[in-house]
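Colleague: First to last, the protein sequences are chains V and A. Under the working numbering, the first residue of the first sequence is numbered -11, with each subsequent residue one higher. Under the working numbering, the first residue of the second sequence is numbered 73, with each subsequent residue one higher.
Hints listed in this document are in silico derivations from the structure and should not be mistaken for laboratory results. By construction, the Cβ of each residue, glycine as well, lies at the ideal position given by its N, Cα and C atoms. Check each hint, because a few of them may be wrong.
Some chain A residues judged to face chain V by a derived CB distance under 10 Å, without partners named [unchecked claim]:
id, residue
1, Val94
2, Leu97
3, Val158
4, Thr164
5, Pro179
6, Phe190
7, Trp191
8, Leu225
9, Tyr241
10, Ile280
11, Leu284
12, Gly316
13, Ile319
14, Ala327
15, Trp343
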Amino acid sequence: MRHLGILALAGFILLPLVQAVILSFTATLPTDRVAEGTIGLMNYRSVLAAPELKAAMVNSLIYVVLNVGLCIGIGLPAAYALARYRFAGDRHFLLMILVFRVTPPVVLSLPIFILFSQFGLVNSPVGIALVHCLFNLPVAIWVLESFIRAVPREFDETAFLDGHTGASFFFRHLIPQIAPGIGVAAFFCFIFSWVEVVFARILTVTGGKPVTMAIQAMFSFQTDIGMVMAMTCLSLVPGVAMIWFVRNHLARGFTLRA
Amino acid sequence: MRPHDNRAWFLILPALTLLGLVGALPLLAVINYGFHDIFTLSDVFWVGPQWFADILQSDRFLASLGRSLLFSILALGIQVPLGIGVALLLLTYGRRAVWGLMLVALPLVVPWNMIPMFWLGLIQPETGLLGPSLATVGFDWKFTGWHTWVLILVMDTWHWLGLVVVLAYAGLPAIPPAYLQAAAIDGASRWAVFRFIQLPRITGALAIVFLLRFVDSFMIYTEAFAINAGGPNDATRFLTLELGEEIKGFSYGQAAARATLYFLIVLAVVWAFVAATRERET
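Given only the sequences and the hints, what does the whole structure look like? Please build it.
Modeller: If you want it as structure tokens, here you go:
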């Protein structure tokens, strides 16, 4: 009975993915050399031969790495403060990051575009990395806070008694201790950032397009859907790798803190 | 008990600065734009609350609001129980549950604009894997309103089930076996075990799932638009579609007023939710 449930679930989840993979190996637009419906690697070859698609992959990787780095780097001290101390306005801060986490991107897209164009951050991966902190920084803080809270306070006190100062405590003791938490935080930041489209669209007008927008640009009057699917399947690779790396810690998740 | 120390502010200062820059500042700007008529950035006129009055009085707005609320209720009503069910099912598999978690997490890494393309490919009448069989039972998502709804709901569930499962599963394994043994001795039913032992453990996780899923389903745009562009006959015309049209039509003042209203609706729901959660804690 329960195996049946799992099978049904697997079917439901995998079916659209299988369809995409099949399409990615099928010639969907007839050309001089290959007839429509031929099975082969031609879609992947055309994707890898297109410089703008390779550039999109690089752009996406740059902004995601920047965004994850920013969220962890800035989120870690904040998470430590929330896990270890009470201070004036701590609950207001938690409420504030919750509100920013749930603010719909489409609400802020217009002023973000105007603001960022004044700082020259349009068409650059840096702009996307910064604006994605809006919804990823709260998630990073929640995840890291729960991991730091699980470390007993004596751990900090012992390190300080051993003569470690703030910075060396952070880098040599705390970070190795909560490494899985950093992995999980990076995973959640990744899944919300890599696939996001609203900010990615408004902030890349002429160049610096990430993967999502490069795929969007492949749709035209005569769309080579096989090639689109090949590009999409390639864009899943970093995400699947991410899932694999954090698989044993994925089940830590995060909870509402307000 | 955590000690009181206001020097902790130095640690949250970077986070506060960044969120102020990409969150608070644009938010203030969008509220300000909502009170103006904007032709170009140097050609701006004060119109007061006129846009807000226009939007709130239009029937289209109320109809879209109703549709968006209904969609959120249906999405939450399907995905939250289903996600908890899958999490409980995975729990019975012990260490092998990790494979199930990885499976349901897969749709989360698909680019959002490609999710409708996956599903449209799947139900394509001639070439899709499900297309021919769906066509024979008369499934017509292009011209029958409730079929479009079913398609969008199934697609949204496919996309987000993983998040519900992962976060619900996160709360469950921490339950000490002694609790479950005690319940078994008392002869508690499966439902009673879930309702009184397991559910209270995952309320924190469910609260965040509820809020995230509410906002994302309430403000669904990319996926719903790509399926049928709000059709047929405006049957899937959600709130964001109108906002998208105004931005595309360069009516920035009106779009900003509308965005402010949407933000206020979301804020009200979040605030009510947090207030209710805090009430239960104390």
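Colleague: Hints broken by the structure, by number, lowest first?
Modeller: Those not satisfied come down to hint 8.
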